[in-house]
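Colleague: Below, each chain spelled out in residue letters.
2 protein chains.
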Amino acid sequence: MMRAMRLATLLGPDLEDALKTDPDALHDALEEFHPEDVAEIVEELDLELTVELFNKLPDEFAADVLTCLTSERQTEILERLSRRSAADILSEMDPDDLVDVVQELREEDAKLADDLLAHIEEAAPEVAEDVRELSAYPEDVAGGLMTTDYVALTPETKVWRAIEEVRRLALDVGVETINYVYVVFKGKLVGVVSMRDLILSESSQELGDVMTENVVTVRVTDDQELVARTIAKYDFTALPVLDEQGNLRGLVTVDDVVDVVIEEATEDAHKMGAVQALEEGYFETNLAQMFRSRVLWLSLLFVGGFLTATVMERFSDQLARAMTLAVFVPLIISSGGNSGSQSASLIIRALAVGDVVPSDWLRVFGREVLVSLALGLVLGVLGFGRAFFAGGPDDDPVLLGVAVSLSTVGVVMTGSLLGSLLPLGIQRVGLDPAVSSTPFIASLVDVVGLLIYLTIAGAVLGV
Amino acid sequence: MMRAMRLATLLGPDLEDALKTDPDALHDALEEFHPEDVAEIVEELDLELTVELFNKLPDEFAADVLTCLTSERQTEILERLSRRSAADILSEMDPDDLVDVVQELREEDAKLADDLLAHIEEAAPEVAEDVRELSAYPEDVAGGLMTTDYVALTPETKVWRAIEEVRRLALDVGVETINYVYVVFKGKLVGVVSMRDLILSESSQELGDVMTENVVTVRVTDDQELVARTIAKYDFTALPVLDEQGNLRGLVTVDDVVDVVIEEATEDAHKMGAVQALEEGYFETNLAQMFRSRVLWLSLLFVGGFLTATVMERFSDQLARAMTLAVFVPLIISSGGNSGSQSASLIIRALAVGDVVPSDWLRVFGREVLVSLALGLVLGVLGFGRAFFAGGPDDDPVLLGVAVSLSTVGVVMTGSLLGSLLPLGIQRVGLDPAVSSTPFIASLVDVVGLLIYLTIAGAVLGV
Chain A
1 MMRAMRLATL
11 LGPDLEDALK
21 TDPDALHDAL
31 EEFHPEDVAE
41 IVEELDLELT
51 VELFNKLPDE
61 FAADVLTCLT
71 SERQTEILER
81 LSRRSAADIL
91 SEMDPDDLVD
101 VVQELREEDA
111 KLADDLLAHI
121 EEAAPEVAED
131 VRELSAYPED
141 VAGGLMTTDY
151 VALTPETKVW
161 RAIEEVRRLA
171 LDVGVETINY
181 VYVVFKGKLV
191 GVVSMRDLIL
201 SESSQELGDV
211 MTENVVTVRV
221 TDDQELVART
231 IAKYDFTALP
241 VLDEQGNLRG
251 LVTVDDVVDV
261 VIEEATEDAH
271 KMGAVQALEE
281 GYFETNLAQM
291 FRSRVLWLSL
301 LFVGGFLTAT
311 VMERFSDQLA
321 RAMTLAVFVP
331 LIISSGGNSG
341 SQSASLIIRA
351 LAVGDVVPSD
361 WLRVFGREVL
371 VSLALGLVLG
381 VLGFGRAFFA
391 GGPDDDPVLL
401 GVAVSLSTVG
411 VVMTGSLLGS
421 LLPLGIQRVG
431 LDPAVSSTPF
441 IASLVDVVGL
451 LIYLTIAGAV
461 LGV
Chain B
1 MMRAMRLATL
11 LGPDLEDALK
21 TDPDALHDAL
31 EEFHPEDVAE
41 IVEELDLELT
51 VELFNKLPDE
61 FAADVLTCLT
71 SERQTEILER
81 LSRRSAADIL
91 SEMDPDDLVD
101 VVQELREEDA
111 KLADDLLAHI
121 EEAAPEVAED
131 VRELSAYPED
141 VAGGLMTTDY
151 VALTPETKVW
161 RAIEEVRRLA
171 LDVGVETINY
181 VYVVFKGKLV
191 GVVSMRDLIL
201 SESSQELGDV
211 MTENVVTVRV
221 TDDQELVART
231 IAKYDFTALP
241 VLDEQGNLRG
251 LVTVDDVVDV
261 VIEEATEDAH
271 KMGAVQALEE
281 GYFETNLAQM
291 FRSRVLWLSL
301 LFVGGFLTAT
311 VMERFSDQLA
321 RAMTLAVFVP
331 LIISSGGNSG
341 SQSASLIIRA
351 LAVGDVVPSD
361 WLRVFGREVL
371 VSLALGLVLG
381 VLGFGRAFFA
391 GGPDDDPVLL
401 GVAVSLSTVG
411 VVMTGSLLGS
421 LLPLGIQRVG
431 LDPAVSSTPF
441 IASLVDVVGL
451 LIYLTIAGAV
461 LGV
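Protein sequence lines, in the order shown, are assigned to chains A and B.
The working numbering numbers the first residue of the first sequence as 1 and each following residue consecutively.
The working numbering numbers the first residue of the second sequence as 1 and each following residue consecutively.
The hints are simulated quantities; they were obtained by calculation from the structure and are not laboratory data.
In this text, a Cβ means the ideal position worked out from N, Cα and C, and glycines have one as well.
There may be inaccurate statements among the hints.
Claimed, not checked - Per label pair, the in silico range of CB-to-CB distance:
#, chain 1, residue 1, chain 2, residue 2, range
1, B, Ala459, A, Gln318, 41 to 51 Å
2, A, Asp22, B, Ile199, 27 to 37 Å
3, B, Arg132, A, Ala29, 35 to 45 Å
Model the full assembly from the supplied sequences, consistent with the hints where possible.
Modeller: Here is the structure:
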């Protein structure tokens with residue numbers, strides 16, 4: 001961050017001069033920095049200057065910087081570059097990043113996207129082919145994450161030849177880190193050789209002899225959460241992606257997986273707070289988008305909450321006869337919401353990391369019954385104490401205490417069971433369990449909790 | 001997973017036979033599998049057999065398998081191996097994993113941990129030295145994550161010599177992936193050379209000429225969240241760790257960062273649901289631990305919720321005069337809890353990924369005021385509709401509607417502001433903002449919301 005700021009000071013007013021007087025020195029200076037840092041400057045820079053800069057930078061470095069920019073800025077720059085320059089820069093991008101840029105661009109300016117693809121087709125047909133193939137997959141499955149930059153060789157390839165191929169790919173495509181060579185026979189993946197094994201083997205050996213045959217793989221259609229879990233479990237730096245026929249189609253690398261894990265955790269956190277997942281950061285999301293991400297759930301929960309008013313109305317005679325009952329309504333229903341939140345957050349997270357699957361529901365049920373009974377008893381005792389000293393002159397303190405504490409046990413257990421079983425059910429029918437958000441569980445428990453409380457209290461107090 | 005199951009079938013009853021009759025063939029068979037898969041079997045296997053297996057496996061592979069086991073299982077195995085064998089296996093582990101194992105072991109059996117370290121000291125003093133150094137750091141900072149297996153060379157080292165060193169480290173230490181060579185001058189990190197640059201350079205060049213000088217680094221004391229954010233931002237596969245004096249002390253690799261990101265997201269999800277973070281998975285946590293992780297927060301929230309009863313008591317005369325008011329208590333307070341949950345989940349997540357910092361509070365305040373006003377107005381209109389048709393014969397439907405809708409606007413805004421500003425304040429004083437959990441915010445809003453509602457309604461209805 002500090003480095004980026006120093007760079008910004010350097011760039012600010014001098015950049016135009018530097019671009020005119022000594023563009024070569026400027027490139028050398030910029031290329032000493034990580035593209036991500038240069039992108040941070042470019043994000044704030046005057047658009048004219050940025051375009052001029054992109055025209056002067058080597059295509060490969062320009063591609064790296066472009067990859068790190070927000071999609072808005074990418075579009076602005078691509079619109080102002082000549083079709084030719086833009087296509088040259090794009091052709092240097094990693095195929096998976098290129099597909100993301102083209103897809104974003106298409107939403108903004110479909111004509112430009114098509115024009116650029118046509119130029120890429122002409123200049124680098126193999127890149128255009130990659131884009132066509134990768135575009136076929138949704139963004140959130142293995143196929144949408146993978147790159148087609150990898151080294152695949154036949155089993156009879158000699159080790160020295162494989163090292164040459166790695167070197168060639170590193171040189172041609174600019175891939176920073178190649179950790180595995182894949183061994184393919186008639187299109188099928190039959191083994192993998194790590195760079196370490198490659199370096200340590202005799203150069204005259206064949207890949208078929210030094211490869212590991214049990215390769216952990218994912219399918220093109222596998223969800224990105226599964227891909228992330230697999231990479232995390234085995235500590236791989238890359239994971240091969242196969243199609244339905246078992247043919248090698250691409251490679252998912254761990255750096256993309258880190259982004260996926262962070263993105264999924266953010267999405268889940270938002271959903272669990274009853275917010276529709278945002279596409280951009282908090283401050284990048286404008287107020288109208290922010291409003292839209294919240295209003296639907298909030299309104300649904302509010303209208304659903306009308307049921308609490310209905311329940312209260314049905315019991316209003318009883319409440320009028322024993323006013324003290326109303327006093328404990330907020331306390332009791334919130335205890336159910338809280339225990340439900342606890343269970344929901346435990347289960348939703350356990351589903352996300354693969355600790356629990358929907359078919360475990362009976363085991364989950366058993367555990368939650370026991371734990372929530374214990375929790376309910378603790379709160380029940382506390383609630384008895386509070387209620388015992390609360391009543392008016394007409395109330396029997398013991399009966400009121402019993403009514404409150406029994407209800408608390410029932411409501412806490414109801415909350416826990418709803419909070420744990422609902423996410424399992426939602427996952428079971430194929431939806432994202434995180435939509436059974438904390439507020440959703442709490443609102444549901446409000447209604448059920450009221451019914452439990454007012455029924456039990458009515459019976460105990462005989463009102 | 002399917003592979004692991006096949007392996008289990010193979011291993012089950014035949015393992016003992018295989019261990020006796022043809023141990024070599026067994027090793028060859030096992031080594032074809034990933035240590036993680038073997039660990040899954042070993043986790044379920046008879047302990048005697050497991051120990052026998054560990055005695056027969058090559059130390060390096062045994063070390064890899066041991067790394068993947070739960071800490072409970074690790075301790076059981078280490079207790080039953082001879083001190084000598086245990087120390088030999090441990091010496092083959094990656095230093096950062098070894099430190100974790102020793103620290104877990106020390107909690108269970110301090111004497112054994114010390115014994116084993118003494119044996120390691122004797123057999124491999126450099127490993128013992130690494131353990132001492134790495135043990136000095138807490139688990140959740142860069143120093144606690146880093147490994148000391150890396151290649152650091154002086155600037156005048158020739159490229160061919162650097163490649164030899166990488167090969168040596170890969171051979172000696174069994175490191176799978178070495179992506180960078182670090183250039184160090186008098187202990188200070190002065191540059192980095194990627195494997196790609198190494199492969200592409202002339203073998204007679206010096207590292208000082210081909211290295212990149214601007215190296216992104218972290219400090220030993222930096223929090224693991226910052227480390228994860230930095231690796232995610234730059235898409236590095238490894239990040240050098242410096243001490244206060246700028247000396248290179250170790251390396252954090254991306255595979256550890258994936259684990260950190262998942263672990264932190266789980267911790268935050270639990271805290272946001274008002275559960276103390278669990279150390280193990282849902283089913284691995286026993287019922288007593290599960291109870292303990294929930295009871296404190298739930299009880300605190302419940303006792304805090306006594307305030308809602310106190311507020312209700314204070315307004316009980318007013319409620320008795322206008323019973324219809326009580327009907328809307330659950331609806332209105334839950335609307336505040338819901339909007340508070342939304343804001344809290346947005347801000348807590350934005351803090352976690354670094355989108356927002358506490359000093360942004362004024363900007364956050366401004367945005368939340370506007371968004372929550374809009375949300376409050378939508379709910380206010382809906383609430384007016386519901387209240388208009390709710391009153392008894394003595395109630396003025398318009399006044400009741402106005403009371404409910406005004407209160408809803410106030411409560412929704414209060415919820416959003418508390419939900420967004422509280423996490424910022426908590427982070428500001430150095431605590432984890434995720435402790436301002438959804439239930440905590442909701443419970444706080446319950447009390448404030450009741451005060452707002454009953455005050456406004458009392459004033460509007462004149463009761």
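Colleague: None of the hints should be skipped; say for each whether it holds.
Modeller: Tested hints:
Between B/Ala459 and A/Gln318 the CB atoms are about 28 Å apart, so this pair departs from the stated range of 41 to 51 Å. Distance hint for A/Asp22 and B/Ile199: a CB-CB separation of about 32 Å, consistent with the stated range 27 to 37 Å. A beta carbon spacing of about 43 Å between B/Arg132 and A/Ala29 agrees with the range 35 to 45 Å that was offered as a hint.
Taken one by one, the earlier hints fail for this structure only at number 1.
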